[in-house]
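For chain A, the structure is supplied; the task is to place chain B on it using the hints.
Read top to bottom, the protein sequences are chains A and B.
Quick note: the first sequence uses the numbering used here, first residue 49, plus one each step.
Quick note: the second sequence uses the numbering used here, first residue 49, plus one each step.
It should be emphasised that the hints constitute simulated quantities derived from the structure, not laboratory data.
Treat the hints with caution; some may be incorrect.
A pair holds if it fits inside one copy or across any two, identical chains being indistinguishable in the list.
Cut-off 27 angstroms, straight-line C-alpha distance, at most; resulting in silico cross-link-like pairs (DSSO-like, lysine-lysine) [to be verified]:
| hint | residue 1 | residue 2 |
| --- | --- | --- |
| 1 | K200 | K66 |
| 2 | K200 | K69 |
| 3 | K69 | K128 |
| 4 | K128 | K110 |
| 5 | K200 | K154 |
| 6 | K154 | K128 |
| 7 | K154 | K110 |
| 8 | K110 | K66 |
| 9 | K128 | K66 |
Protein chains: 2
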Amino acid sequence: MNGSNLYVGLVHYPVYDKRRKVVATAVTTFDIHDIARCAKTFGLGGFFVITPLESQIQLMEKVILHWVEGTGSVYNPTRKEPLSLVRVSRTIDEADREISHLWPNKARRVATGASGYSGSIGFGRFRELLEERETPFLMLFGTGWGLTQEVKDGSDYVLAPIEGRGYNHLPVRSAVAIILDRLLGDRTL
Amino acid sequence: MNGSNLYVGLVHYPVYDKRRKVVATAVTTFDIHDIARCAKTFGLGGFFVITPLESQIQLMEKVILHWVEGTGSVYNPTRKEPLSLVRVSRTIDEADREISHLWPNKARRVATGASGYSGSIGFGRFRELLEERETPFLMLFGTGWGLTQEVKDGSDYVLAPIEGRGYNHLPVRSAVAIILDRLLGDRTL
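Bound conformation, chain A alone (with noise of 0.2 angstroms):
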């Protein structure tokens, strides 16, 4: 199914803070549920939360847990399906690779950001290289104030910001749920 070859990841570690240090982010659930949800609203292949603090992935494995087999399935059974989608990992290549191993081609890396890099691809070629159905796509959004230039200049493609009028400060909730939908909605309506 057209969307199942790519892949979300939300990194907290490496990315810059406000004074552009790298730091590690404490994960948000809210994240979580909103990206989640969305992942299965357009049919993704999984969505990985990426973090390197052990407190962190405890707190992941216990929310996905409750929510996919403990009472919360029960109690809202609209959370389950999105969190069956979730996996924690603890690099980007280690994601990376579980996505790979899947496939009969390695995962492609395309980083996101809200500003310019030159470079960058679209959203319609985006939308023309997820055409080629036997290779996976990892694309990576940043927490806090963004992926570093490292990552960005480690992945195979950087794609285009969303452009605002003037204001450049989507939360990455919102800004995923705008990516897939001009990746994967219906174009004609």
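For chain B alone, coordinates are given in the frame of chain A:
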């Protein structure tokens, strides 16, 4: 400017709960920040938080004051501009009147929802309607389990739902982001 005649109303009453009982939901501050940022990104005229509950109104006014004029405006100025777009009103009618006073024509109401509605309009048709620059549009989003039938029936238009792939439970924050992008984002990308 394109978009300035569009207003979002986030309705906390009257909406359905999961048993289809009509209730007043609590305000979620994540909704306010995320939707205000989207409203600012796409150049909207304003964002109305609609709740009849006095405690919620006071909470909202405190949050807005903190980020727009208080210490928050210095700590994180990227919240100041979006929250300047937020107004609190007790009813949908009150929001409607406040908007209508600012424009030559009366506001037209557009309801949204996750399920189909007979006679709903598509995104392309709504984009055309927005071209009528002297008419303001109040687009209503329901919290909880959505706007009541009565609110939909009493609106001038009901917008077609975002079609998921067998899963139809986007958070209201994500639905607003996607719909604003479909209405006001660059369609040529």
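Results for each hint:
Within a single copy, K200 and K66 get their C-alpha atoms as close as 18 angstroms, which meets the 27 angstroms cut-off; across copies the closest is 43 angstroms, which misses it. In this assembly of identical chains, the alpha carbons of K200 and K69 lie at most 27 angstroms apart only when taken from the same copy (16 angstroms versus 48 angstroms across copies). For the homomeric pair K69 and K128, the shortest alpha-carbon distance between copies (23 angstroms) is at most 27 angstroms, but the shortest distance inside one copy (36 angstroms) is not. Taking identical chains as interchangeable, the C-alpha atoms of K128 and K110 lie at most 27 angstroms apart only when both belong to the same chain, with a minimum of 13 angstroms there against 35 angstroms between chains.
When the C-alpha separation of K200 and K154 is checked against a cutoff of 27 angstroms, the pair qualifies only within one copy, where the shortest distance is 18 angstroms, while the shortest distance between copies is 48 angstroms. Proximity of K154 and K128 under a CA criterion of 27 angstroms is satisfied in neither setting, with 29 angstroms inside one chain copy and 43 angstroms between copies. Taking the closest pair of Cα atoms, K154 and K110 never come within 27 angstroms of each other, the shortest separation being 30 angstroms inside a single copy and 51 angstroms across copies. Only between protomers do K110 and K66 lie at most 27 angstroms apart by alpha-carbon distance; the minimum there is 25 angstroms, versus 30 angstroms within a single protomer.
Taking identical chains as interchangeable, the C-alpha atoms of K128 and K66 lie at most 27 angstroms apart only when they sit on different chains, with a minimum of 16 angstroms there against 34 angstroms within one chain.
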